[in-house]
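Peer 1: Protein chains in written order, with this note's numbering: chain A, 5 to 213; chain B, 5 to 213.
Don't read these hints as lab results, they were simulated from the structure.
Careful, some of the hints might be misleading.
As the list claims (entries may be wrong) - No more than 30 Å apart at the CA atoms, straight line, and that leaves these computed lysine-lysine pairs for DSSO-like:
1) A:Lys196 <-> B:Lys207
2) A:Lys6 <-> A:Lys42
3) B:Lys207 <-> A:Lys6
4) B:Lys196 <-> A:Lys197
2 protein chains.
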Amino acid sequence: MKIALLLYDGMAPLDAIGPYEVMRNVPGWEVLTVSQEKGEVRDEARTLGLTGDHAFADVTAADVVLVPGGDGKRPLMQDEELLEWLREVDRTTKWTTSVCTGSLLLGAAGLLEGKRATGHWLYLEQLREFGAEPVGGRYVEDGKTITAAGVSAGIDMALYLVSRELGPEVAQAVQLGIEYDPSPPFDAGSPKKAPTEIVDLVKAVTSGE
Amino acid sequence: MKIALLLYDGMAPLDAIGPYEVMRNVPGWEVLTVSQEKGEVRDEARTLGLTGDHAFADVTAADVVLVPGGDGKRPLMQDEELLEWLREVDRTTKWTTSVCTGSLLLGAAGLLEGKRATGHWLYLEQLREFGAEPVGGRYVEDGKTITAAGVSAGIDMALYLVSRELGPEVAQAVQLGIEYDPSPPFDAGSPKKAPTEIVDLVKAVTSGE
Numbered sequence: 005m006k007i008a009l010l011l012y013d014g015m016a017p018l019d020a021i022g023p024y025e026v027m028r029n030v031p032g033w034e035v036l037t038v039s040q041e042k043g044e045v046r047d048e049a050r051t052l053g054l055t056g057d058h059a060f061a062d063v064t065a066a067d068v069v070l071v072p073g074g075d076g077k078r079p080l081m082q083d084e085e086l087l088e089w090l091r092e093v094d095r096t097t098k099w100t101t102s103v104c105t106g107s108l109l110l111g112a113a114g115l116l117e118g119k120r121a122t123g124h125w126l127y128l129e130q131l132r133e134f135g136a137e138p139v140g141g142r143y144v145e146d147g148k149t150i151t152a153a154g155v156s157a158g159i160d161m162a163l164y165l166v167s168r169e170l171g172p173e174v175a176q177a178v179q180l181g182i183e184y185d186p187s188p189p190f191d192a193g194s195p196k197k198a199p200t201e202i203v204d205l206v207k208a209v210t211s212g213e
Numbered sequence: 005m006k007i008a009l010l011l012y013d014g015m016a017p018l019d020a021i022g023p024y025e026v027m028r029n030v031p032g033w034e035v036l037t038v039s040q041e042k043g044e045v046r047d048e049a050r051t052l053g054l055t056g057d058h059a060f061a062d063v064t065a066a067d068v069v070l071v072p073g074g075d076g077k078r079p080l081m082q083d084e085e086l087l088e089w090l091r092e093v094d095r096t097t098k099w100t101t102s103v104c105t106g107s108l109l110l111g112a113a114g115l116l117e118g119k120r121a122t123g124h125w126l127y128l129e130q131l132r133e134f135g136a137e138p139v140g141g142r143y144v145e146d147g148k149t150i151t152a153a154g155v156s157a158g159i160d161m162a163l164y165l166v167s168r169e170l171g172p173e174v175a176q177a178v179q180l181g182i183e184y185d186p187s188p189p190f191d192a193g194s195p196k197k198a199p200t201e202i203v204d205l206v207k208a209v210t211s212g213e
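In isolation and in its complexed conformation, chain A is listed as follows (with noise of 0.2 Å):
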């Protein structure tokens, strides 16, 4: 399996990198990085550099494409040139997928249309603009797209799109080799677990993104 991670500048990095812990420790799965140019994109707060070893042109064609969120999506939603490619890579793939807001990318470029999807509980509603259903979850699969919920989700999403692929021995295995037993020492990771005062701190810091 080929798998074409999508980096741009503006990502979080934990949305690609949860992913690619997993995909990479699958035997016979190789994950390509895609960026725009080949070279360093940035992180959202800029103090992380990670590289796109291969530029779009580079990667037309791909078994699965995933797509990050974070802040970078905003110019990216008009950004032909990728909306252009996540479509012609969309062509190809087997699965194609998202994490946290990459899901607003997928819809933009209109690949989400009439499908149920999710994505960072903040941004879910905006899901709609694009003729896709919001439905929350931790991951949500509508034919060939997977979704998943904000930042940490695509860990959970890329174990499950393992066992999909290859069965739940080999999801489990990855799963015990990154030792992925979660343990949070605070249960408020939804909006529907987390004190309300703390759903509204993080609404406000968050509000005009």
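We have chain A; now place chain B onto it with these hints.
Peer 2: Positioned in the frame of chain A, the structure of chain B alone reads:
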């Protein structure tokens, strides 16, 4: 808070990027990526490039140092330049931390002598070689040292560190921001939970590492 995040060739990227995603979202915290030489390092699979923005010589003090694991730790456990950098930075830190087999690097630097510690489940016992007491657990705090279990455990550890510094509200807000409400499709992330044949498979694949 200034955080020095060690990057090196052969690291497991999620070890670093999990905690990075948590810490870069904390107001007032600044993460500096540090590598032996300034420039790109390649991960364990060699299919991902990450940029070390600063060389060892440029960052000799930090409030937090974070040491990831990965196959690349092996040569580094005898690399005096790295070990001396770790000792030097540790003299200045409020918190000295590791993820996965990063604890073996802390151990090789002499920084775990007499301490309770953890690391990847496959490499726990090796901590004894450095005078540490391997105790397992998702993350272990002993004095100013916090070691985390394998790969994905750095996310949990980083949220804990944020709560130790700034209280539960800030940690919960960051957790909600990255929607860390984990829901892996299987419950196989620790050797105590995974089926025996999966544990044996992962041991066989990594034997001799």
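Peer 1: The structure should be examined with respect to each hint, and the outcome stated for every one.
Peer 2: Consistency of the hints with the structure:
1. A:Lys196 <-> B:Lys207: Status violated; Cα separation ~38 Å.
2. A:Lys6 <-> A:Lys42: Given pair A:Lys6, A:Lys42 holds - Cα atoms ~18 Å apart, limit 30 Å.
3. B:Lys207 <-> A:Lys6: holds (26 Å)
4. B:Lys196 <-> A:Lys197: Holds, because 27 Å separates the two Cα atoms, which is no more than 30 Å.
The structure is inconsistent with hint 1 alone, although it conforms to all the rest.
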